[in-house]
Amino acid sequence: MKPIRILIMALAIVGLTQTATHAQPLRIVIDEGVIEPLPVAIPTFVAAGGEAAQYAAEITRVIAADLTGTGLFREIPASAHISSVTSFDAPVAYADWKAINAQALVVGAVEMAGGGNLVIKFRLFDVFSGAALGEGLQFSGTVEGWRRIAHKVADVVYSRITGEGGYFDSRVVFVSEQGPKNARLKRLALMDYDGANVQFLTDSDDLVLAPRFSPTGDRVLYTSYETGRPQIYVLDVASVSRVALDTSGGNMTFAPRFSPDGQSVVFSLEQGGNTDVYTVGLDGSGMRRLTDAPSIETAPSFSPDGSRIVFESDRSGTQQLYVMPTSGGEAKRISFGPGRYGTPVWSPRGDLIAFTKQNAGRFHIGVMRTDGSEERLLTASFLDEGPTWSPNGRVIMFTRETQGESGAPALYSVDISGRNLRRVATPSAASDPAWGPLQN
Amino acid sequence: MRTGYIISGIGHGLLMLWLLFGGLFLRGPDEPPLRVSEVSLISGAEFAALNEAAQAPRPAPAPSPPETSPAPPRRPAPPAPEPDPEPAAPEPEPEPEPAPPAPEPEPEPEPPAPAPEVTPPAADRVTNEVVEAPEDPLPEGPVLIEESAPAEATEPQAPVEELPAQAPEASTTQIVTEADRPDAAPTSSPRPPRRPDRPAPRPETVEAPAPDPEPAPTPEPTPPNNAAIDSAVNDALADVLGEAAGTPGPSGPPLTSGERDGLRVAVSRCWNLGSASTDALNTTVVVLVQMSRDGRPEGIEMISSNGPTQEATRIAYEAARRAVIRCGTSGYGLPAEKYDQWREIEMTFDPGNMRIR
Amino acid sequence: MKHFTMAAMLIGALALSACDRNSRFGDDAATAGAGGIVPGSPSDPTSPAYFEQTIGDRVLFAVDQSTLSAEAQDVLAKQATWLMENPEFSAIVEGHADEQGTREYNLALGARRASAVQAYLIDRGVAPNRLRTVSYGKERPLAICSDESCYAQNRRAVTVLTAGAGTS
Chain A
1 MKPIRILIMA LAIVGLTQTA THAQPLRIVI DEGVIEPLPV AIPTFVAAGG EAAQYAAEIT
61 RVIAADLTGT GLFREIPASA HISSVTSFDA PVAYADWKAI NAQALVVGAV EMAGGGNLVI
121 KFRLFDVFSG AALGEGLQFS GTVEGWRRIA HKVADVVYSR ITGEGGYFDS RVVFVSEQGP
181 KNARLKRLAL MDYDGANVQF LTDSDDLVLA PRFSPTGDRV LYTSYETGRP QIYVLDVASV
241 SRVALDTSGG NMTFAPRFSP DGQSVVFSLE QGGNTDVYTV GLDGSGMRRL TDAPSIETAP
301 SFSPDGSRIV FESDRSGTQQ LYVMPTSGGE AKRISFGPGR YGTPVWSPRG DLIAFTKQNA
361 GRFHIGVMRT DGSEERLLTA SFLDEGPTWS PNGRVIMFTR ETQGESGAPA LYSVDISGRN
421 LRRVATPSAA SDPAWGPLQN
Chain B
1 MRTGYIISGI GHGLLMLWLL FGGLFLRGPD EPPLRVSEVS LISGAEFAAL NEAAQAPRPA
61 PAPSPPETSP APPRRPAPPA PEPDPEPAAP EPEPEPEPAP PAPEPEPEPE PPAPAPEVTP
121 PAADRVTNEV VEAPEDPLPE GPVLIEESAP AEATEPQAPV EELPAQAPEA STTQIVTEAD
181 RPDAAPTSSP RPPRRPDRPA PRPETVEAPA PDPEPAPTPE PTPPNNAAID SAVNDALADV
241 LGEAAGTPGP SGPPLTSGER DGLRVAVSRC WNLGSASTDA LNTTVVVLVQ MSRDGRPEGI
301 EMISSNGPTQ EATRIAYEAA RRAVIRCGTS GYGLPAEKYD QWREIEMTFD PGNMRIR
Chain C
1 MKHFTMAAML IGALALSACD RNSRFGDDAA TAGAGGIVPG SPSDPTSPAY FEQTIGDRVL
61 FAVDQSTLSA EAQDVLAKQA TWLMENPEFS AIVEGHADEQ GTREYNLALG ARRASAVQAY
121 LIDRGVAPNR LRTVSYGKER PLAICSDESC YAQNRRAVTV LTAGAGTS
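In the order they appear, the protein sequences are chains A, B and C.
For the first sequence, this note's numbering gives the first residue as 1, with consecutive numbering after it.
For the second sequence, this note's numbering gives the first residue as 1, with consecutive numbering after it.
For the third sequence, this note's numbering gives the first residue as 1, with consecutive numbering after it.
Any given hint might turn out to be false.
What the hints assert, rightly or not - Only part of the chain B face toward chain A is listed, based on derived beta-carbon distances under 10 Å:
1. 273
2. 276
3. 346
4. 352
Just so you know, these hints were derived from the structure itself, not from any lab.
Glycine included, every Cβ here is placed at the ideal spot set by N, Cα and C.
With the rest of the complex left out, here is chain A (with noise of 0.2 Å):
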């Protein structure tokens, strides 16, 4: 049907200077392409002013970094362009920019507002086609918020190009490391996804495990010693303040997460050298038990509707992955391949879960579809462990620890696709990465 009308509109139109009597277009199939990054051409943000210009330089910078770091983009280097941008409105010389093969290109511009604020005004383009992609946009904010505008308009241009939701605009909490590996010194530390804006949570007194994020980032869900015995806190970003997450008991807990509303927290508690799977209200209370089994049941993580709950268990002998109703009840195993399978996490899409796989000596880092079906491993190593995924579920950073007597800790991501691996730069050893959400 529709076919039919695009050949007769074709025909009418072709018509006006040729005889239409060809009939059935040509078919081919395409399906074979290549995987390379997308050349794109990032030219220095127009400034007004020599203030301006400091900005622009450095908010360029950081929107080229955002976009090549995630292995989809290659940028190409200013020393390659033929034409300069000037000023934000001139036309786009499309053919200077085919020249040099860049098939998008951002063109910005960044001024002082007055009131210690800056205003950037970006657009983009696709240059083959010779057109805009999307409207332009303007963000203003603080000075001392320029990375953060810049990781803005850098999630508008990769979402804008692949469809994908963005996730330069977060935040990543983890613990950071110090000291000999027999006596290492934790501490939670924050830090924007690209290692820039380090912030301490704590101090190093007293051990601390796996933070994890609440929904909307606000919160610190993590596991510390303070007591002596592992126990879980809450801890509110904003003030630095925390306070113990009331499980009643003196029992271990830890391996917390929140609930996709914010308002519970699923974690393992320990009785008896029993470790089972509870929740609890985020006030503390209605706790409930969610498994119980003789067994090792720890690392749950909630689907992000709410629904359901995978975690980890030795019930079969070995650690494997299992998923069970939110409220509990029949656990169904969805992992069957070689190995120990651990840290399962849901992917924000909801269509996919991370993990931790441990077979013949290695670690890897994993994703399979939430029935255990095609899995695939994404990385491999001495020791990985310990996924988080990107807001947007194309990413996954997690902990690579090197091995012998001076291995130390470090921070990871890799695409899902497993291209792209890289180290995220920290200031000391770290550990225990989770992902935040896109900020406000």
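Given the structure of chain A, go ahead and fit chains B and C onto it with the hints provided.
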């Protein structure tokens, strides 16, 4: 949901305008550092939604004028030579993949006055706003940058066929596909003035109007926005091939399998899904390409798609369009005597073998 | 070495003079002798140092296991005896795991090990309210190399004495 976003977006946009033009910047410099929320006008998600929304329906103000014109012939233009040299091979750049360690720190030194590290940075409020066409502070409606912009537009649209002096030249005579092209840096970039014609863009019409965007993955993905782009695209194509189409040609015998293969391979080489979303990697699109007599694409439109979302369809279509245009810049080398056989080519881009899995 | 000899002698002395419910204990003390006792030192049977070094404050486990080996039971029996003879002390049993495992699982595994030790000590007569457990998972390795020689030492449960008679 979407409505909410739109309303929110409009509200935010107005607020933004007020902030911008009203000159009042409420945010005092001294707000608590970690507070981000208050000032921010729009969240990332809203952003995305807005963008989408913006792309989709696009209200009246839509600046894109030309497009409106109904069915215009997609027509190529003047026979003129063609223009730009073309790019250089993309050079892939593999990516190590598993290579672990390479730490590549990318910390960034901090420039200007960034927030100090360890101390709570001022993260803060970034007000963003989507400037939409209507009121946007941006000078011209953003969208149309195409029109306004480029040199091309500048010259009014000349009626068909006239090709002014096209500057170009340089390039082409030979078919250099990007693949072969040595390296990029172009030596001569023709850019400018040329541009003759470009009849009114072609409609794209056939595609879905833009009624209901979100729902179903209907095949009609091309959001209106695309219409604008398409017209631009076609213009661009026209430019590129400035040549005119000419007369009908003899319809020769069918293409040989070798000829078809050559075409398939040529397009494949430029079909890059490296920056496509995972959803787009699960989207097959079928496009109809109008070919000029010298073997170059001069019009392209999407016929169907099975994208799970409109966004996925858009991305998949854009990737297909880039492939057709980039690799066809110098022509696909199809046998001229069989022009009638390939005057229109329906290309199905099926990423089934490339998806992430 | 010297310590060891002295310890052996002390054990013998203890075996001969104290409530020896453990026959193996007595066997070990075959070469009993007498020696000076320095209060608080490993030679002082009532000192924590004696508990830690002479009896041994830790037991080891096989990979991913929390069952007590015969050797471990041996050590724990002595620990139980000591604890009953020195009621002014309580103990915290720390469970540990080697680095070859995920953080959460290792915490749970360490808890299992600590609990196994606790249960054994209670079974041997130590009052439950004098024993607590805590797991460190893989957070506090004793040996830091990344091979089995170190891992074996890290898969442990350590009985750490604390002053006080214990709580409920």
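Hint check results:
Of the supplied interface hints, the one on residue 273 of chain B holds, with its beta-carbon coming within about 5 Å of a beta-carbon of chain A, less than 10 Å. Here the hint on residue 276 of chain B is kept, as its CB sits about 6 Å from the closest CB of chain A, short of 10 Å. Taken as an interface hint, residue 346 of chain B checks out: its beta carbon lies about 4 Å from the nearest beta carbon of chain A, inside 10 Å. At about 6 Å, the closest approach between the beta carbon of residue 352 of chain B and any beta carbon in chain A falls short of 10 Å, and the interface hint on this residue holds.
In terms of the numbered hints stated before, the structure departs from none.
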